Every structure is written in structure tokens, then in C-alpha cells.
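Assemble the whole structure, with the sequences as input and the hints as a guide.
So the chains spell out like this:
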Amino acid sequence: MSLTKTLILALIATLPLSLLAGQVWIDPFGPPVPNATAILMELRLPRAILALILGAGLGAAGAAMQGYLRNPLADPGLFGIAPAAALGAVLSFYAGFAAQALLLPLLALIGAGGAMGLLALIAGRSGGIALFTLAGMMIASLAGALTSLAISLSPNPFALSDIVTWLMGALADRGWYEVRLAAPLTVLGLVALWRAAPSLDALTLGEDAARSLGVEPTRLLWLMIVGVGLIVGSGVAVAGMIGFVGLMVPHFVRPFTDQRPSATLVPSALAGALLLLIADCLCRILPLAGGELRLGIALSLAGAPFFLRLLLKIRRELA
Amino acid sequence: MLEALGITIPGRVSGVTAQLHSGRLTAICGPNGAGKSTLLSALAGLIVPDSGTVTLLSKPLDQITPQERACRIGYLPQSAQVAWNISVRTLAGLGRMPHRTGDAENARAVDEALGLMQLEGMADRALSDLSGGERARALMARVLATQPQWILADEPLAALDLAHQQALAARLRALSAQGRGVVVVVHDLALAMNHADHVIVLDKGTVAATGAPVKALSERVIADVWGLQTQWVGEPGHRALVM
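These protein sequence lines are chains E and B, in that order. The first sequence begins at 1 in this note's numbering and counts up by one. The second sequence begins at 1 in this note's numbering and counts up by one.
To be clear, the hints were calculated from the coordinates, so they are not data collected in a lab. Bear in mind the structure is a predicted one, so any value in this text is a computation, not a measurement. Fair warning: there could be bad hints in the mix.
[What the hints assert, rightly or not] If you want the footprint, here are the derived chain B segments under chain E, 3+ residues with CB under 8 Å:
id : stretch
1  : 36–50
2  : 76–89
3  : 92–102
[Stated by the list, open to error] Not everything, but these chain E residues come out facing chain B in the computed CB check (under 7 Å):
id : residue
4  : P16
5  : L19
6  : D173
7  : G206
8  : R211
9  : S212
10 : G214
11 : E216
12 : D258
13 : Q259
No residue lacks a Cβ here, since even glycine has one placed at the ideal position from N, Cα and C.
Rendered as C-alpha cells:
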């Protein structure tokens, strides 16, 4: 059975199970649970769908980034779009409690859009990958510094606490509003990355050979900015910072493919969706004093040892 | 015909004119920094000259779409780096990218390219399991899989041992004999002398000599360009250069 089919079957099997798990367990064969329909339809289903959308986006964006930079350590966060979106979101905490919930995703999207525009402005004409990466790092560093400034000037201690908690990334308390916001943007981003896939394959041979095969570097760069930007921007807008998915997932699927970036794109999207669905479900059911484990923290905890293992493997290969 | 008409790329080549004919094996020779790779890149349409033009069948290269150019001109860069540990067949398959043909036709072209490079037996091996010579042949198979009219290769013989050098040079000759235009950058003047139909010698970004190998690589040209006193010995087709 192909990798893609296996992952689709795993998703079909996991999705209904994930809906049953939580602080209130719903046993379909047991006695009826009060408000079961509301819990399923208003709380768990949108949350699960959001996990699928964000996971698919981040997985595919990771595969595309690793293909684009020809580097197994590349991550969608490298372009500075996530920190810029986080900066936008943090600014919404200045708007006051009433306006904040509505403004947060919008300001995050504006932040992501600003980073995409800045990337295009700096590197868009030359299409050079090194300049692009450096521009991304510069934007990430600037957005990170401004976020810290915004936090340090926080209007009151409650806002400070909200900002810090929100930055950790989570899917708790997200509903259909967030799904409606993230789904179309992520799908658009996935389409852009899918269109970039053949060029990413050609880049396997280096920039010169890729151009000789008809790849247009500027077109590819725009597809990457739009694809990664929409996915990461909308992800941060609805869920905060969720790292490591884009870095880890392509490594899980690559050994089962012929290793071309285009061959890892769809399996990475499916595996990313599966990973985020399971991780969010575990966060929900893990007993933790004072509420849920934040998804962003859980993934970083799981991701750091994985990253270390990857570094050691690369070191062995270089030796 | 592929032609460079007075192309200038500041700091690299200046006013270079070269005419390349299909059905010929052309060698570009010259000392380090003479502008060989730059000229080859310009001929492949990868560098747009500041002045002068490169034309393919009298049409300026920058007026041809990248996809059409890619179908006609295959280019092998000097770097043998491949980012992922793909198989030989997958590598050769990348050469089909410019063509929008079906799987069956792509597979046929890939098989033919692997056959030309004698790689049939190792089509499913990963690149990391190949020797340097096998890897160089696999990279050339990728260019051949495109089935281009022109093959432009930057030092394709450099990583090969003597036997594989001779074999690949003979294969490039055979490809040009079939009517393709083959242009290679080579450092080994004896390989150029024995295998090329036409030689372009570059020095400090300009054309120092051009023509049949016997003329363009004469002992006088070598003395002028490389500053070495040398002598060709042996029979035509089997010449060697002695200092």
C-alpha cells in the first residue's frame, strides 16, 4: 500500500477517535453524556478540523522549504513570517479586551502579509535563495525584537499574561470562526506550493541546472512567499506559534518516497495533519494541574530531541 | 547553429564571438579564469550578456521561452552536488521536466539515456552508493534524458579516471555524429586535440584562437596562452602533449 493511502486511512481512523477523547470522554456505546452534541459539534469538531488544516499546511510548507533551501534542517519559520504574524497578534492586546478577539487574527495576517511584502521587496527581483534566507532571518530578528518590546510595554499585567500564554500556541477554545479564517488561506497556500513542486525537484540539481531545465527563479520565489506565507500566517493568526511540525514531518515521510521534494509534499501534508491531530488530542487528555498542556510547548518538547537526533545523524554522515 | 555574437560580461568575457555547429564536438579550452564556464553559461542562456547576443538558429536566446530553451539546450554544470539521495533513475527523470510528455514516453527517454551511459544495471541504486565515475555518468544521463539538440557540459570529464574519460569522450563524439551539437569545457588539451572537431581557446576573457584542433591548439598558441613550451607527439587521434 502506498504511503499516501496509508496516511489517509490513518487519518480516517484517528479523526472520529480524537473527537471522543477529552476531559469529558464520550463513549458511543455507553450511557448518554449530557451536551454530547454540543461538545462534539461546537468544541471538538472545529478543533480537530483546525488541527488537520494547520498540520497539513505546516507539513507541506516544511517539505517545500527543505526542497527550496536544499537543506534537511530548513523550517517554515526561517522566512520570518511566523514572528511577524506573532508581532501583529501581540499588538492586538493593546486594543483592549472587547476588540481584541476580533482584531487578533486580522492583525496577525497583516503582520504575515507585511513580512511577505518585505521579503518580496528585498529578494523578489533577484530570485536568489541566499539573499531570500538572509532577508527572512533579518525579518524574524526584527519582529522578535519588536514583539519583546511590545510585551515589555504591556498595558497591564493581565494583557502581559494573555500575550505570553497566547504566544505558546494552542487549539483550545478555537471554533468555526477560526476554521473559516484559516481553511481558505491554507488551501490557497497549498495550491501555490503544489505549483512550485516541479521546480523544487529541479532545484535538487542546484540553481544553475534548475534554470537550465526551465525553472524561473523569480516565479518560484513568489510561489514560495505566497505558499509559505499564507500557511504560516493563517496558522499563527488562529493558533499562535506552533513550531517543529514543518521541520519534523518531512523526515518521517522522506524515507518512504523517492526523496524528490514533490514526492514528499502530499505525504508531509497528510502526516502533518495526523501529527497535529494526535498531539492536540494528547494535550487535551493529559492530566495537568491548572488546565491543558499548550500544543506549542508539547511539540517543542517532542521536537527538540528529534532535532538533536537529526543533527547527530548529519554529523555521522559528514564524518 | 548556436552563436555568441560579441558578448561582454564585465570582468569575465569581453567581445567574444563564437559559432557552434550541430553535428560537431566543440571544446572550450583556456587557463583558469579565462572565462570558459562563463561563455558556456551564456551559451546555455543562464547569463544574459551586458552587450552582444547569443542566438539559436538566428533567434536571440532571450526571446525563446525558458521551457523551449530547456527542451533544446541541455546543460551540465561543473558542480556534481545533488541535494537528496535520489536513485539514478529518479535523477535521469529530472531531465524530462521541460517536456510535457506522458509517463510512458518519459520512461522510454530515461531508459534510453541510462542505456547510452551504460547505467541500466544500476538504475535503482541511490546516488550515495555510486563511485565518482558512475555519478558523473548518471549526471550526464540526466542531460541526455531531455533529448536536447544541444549538450553543453562544464568539465564533464574532470572527475573520471582515464578509461572512463576515453569512454565518455567517445560517447560525446558519437552523440555529435548523430547530429547533436556538443560543447564541452575541458582542461586536458590532449582530450580536446584527439576528440574535438572544433576548439575555442579563451584567454583573459577573449578568444585567443579558434578552429580545427591542430590549428587552435598549436604549440605556438599553447606558448602564448599558457606560457609553456610544449610539443605534440604521436599520430592524429592519439596525440600526447609533452613539455
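| task | Sort out which numbered hints this structure fails and list those numbers smallest first. | result | 4, 5 and 6
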